[in-house]
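S.K.: Sequence:
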Amino acid sequence: MKLIKRNNVTPLHPALEVRELQYLKHLASAMGHYLENPNGTELVCILGSGYEKNNRQALDTWVAYHRNEVFETRLEGRSPLDFLIAKLEDLLNN
1 MKLIKRNNVT
11 PLHPALEVRE
21 LQYLKHLASA
31 MGHYLENPNG
41 TELVCILGSG
51 YEKNNRQALD
61 TWVAYHRNEV
71 FETRLEGRSP
81 LDFLIAKLED
91 LLNN
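Going by the numbering used here, the residue at position 80 of the sequence shown is 80; the numbering climbs one at a time, nothing skipped.
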């Protein structure tokens, strides 16, 4: 990840990137528990990019895809998990 500052691109500290990735993985894990079937495969074709082997991997991909929205929601003081669950339910119900 890079931070844009006065037309210069400044890379973020690697530790910050690692923490962000861990946070996204934790969100995906929580969503898997919410769905009660993180090891099935029914979500792969809906949420994944085509290379995932199970729902857990598909959730990881999908949450990472919504990374910017997750951190914007968090900055606004709202729950990213609630936001993602609502977004997923809308996707699955339509």
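Check before you lean on any hint, since a few could be wrong.
Straight line, CA to CA, 16 Å or less: simulated EDC-like cross-link-like pairs of lysine to aspartate or glutamate [as the list claims (entries may be wrong)]:
1) Lys25 <-> Glu42
2) Lys53 <-> Glu42
3) Lys25 <-> Glu52
4) Lys25 <-> Glu89
5) Lys87 <-> Glu72
Rather than coming from a laboratory, the hints here were simulated on the basis of the structure.
S.K.: Next, verify each hint and record whether it holds.
M.R.: Verification of the hints:
| no. | hint | verdict |
| --- | --- | --- |
| 1 | Lys25 <-> Glu42 | violated (19 Å) |
| 2 | Lys53 <-> Glu42 | holds (10 Å) |
| 3 | Lys25 <-> Glu52 | holds (15 Å) |
| 4 | Lys25 <-> Glu89 | violated (19 Å) |
| 5 | Lys87 <-> Glu72 | holds (15 Å) |
Violated hints, listed in ascending order, are 1, 4; each of the other numbered hints is respected by the structure.
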